[in-house]
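Student: Input sequences plus hints: build the corresponding full structure.
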Amino acid sequence: FNVEKNQEEVTKETLNIQEEARSVEISDIKDTLIDISDLISDLNTKCDAREEEEKNIKESLLVQKAVSNKLCDTAKIMTSKITNTAEKCEVINSQQLKVEIDTQNALQLN
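Using my numbering, you'd call the opening residue of the sequence shown number 1 and step up by one each time.
I should point out that these hints are in silico values taken from the structure, not numbers from a laboratory.
Keep in mind that this is a model prediction, so the values were computed, not measured.
The reader is advised that the hints may include incorrect statements.
Cβ pair distances, simulated, as ranges [said to hold, decoys possible]:
| # | residue 1 | residue 2 | range |
| --- | --- | --- | --- |
| 1 | D28 | D48 | 26 to 36 Å |
| 2 | L62 | C89 | 38 to 48 Å |
| 3 | V63 | V24 | 54 to 64 Å |
| 4 | T45 | V10 | 48 to 58 Å |
Here a beta-carbon is modelled for each residue, glycine too, at the ideal position from N, C-alpha and C.
Tutor: If you want it as structure tokens, here you go:
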């Protein structure tokens, strides 16, 4: 009878130890899952920040492209105006030369 009772106590103690071990394992697993969850949250935050940074860079590049295009358009307009002004100067110079020649010819005739 004592052997049976001792065997029963040993079995109970073994079951208690196994239950404690399981409890510790479960606690460790929960802690590990919390750590993993925190890491995933950090990664998501970093990914969101990176996506925002990429969006800002793209917007900045679009603005720079628009400014560059506007500068090119302005340069073309200025080049055209300079060319037109140069052509007008040539016409005026040609007319002035003609007036000077006509004036000299008139003076020589007198």
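Student: Each hint needs a verdict: does it hold in this structure or not?
Tutor: Going through the hints against the structure:
no.	hint	in the structure
1	D28 x D48: 26 to 36 Å	31 Å, holds
2	L62 x C89: 38 to 48 Å	41 Å, holds
3	V63 x V24: 54 to 64 Å	58 Å, holds
4	T45 x V10: 48 to 58 Å	52 Å, holds
Of the numbered hints stated above, none is contradicted by the structure.
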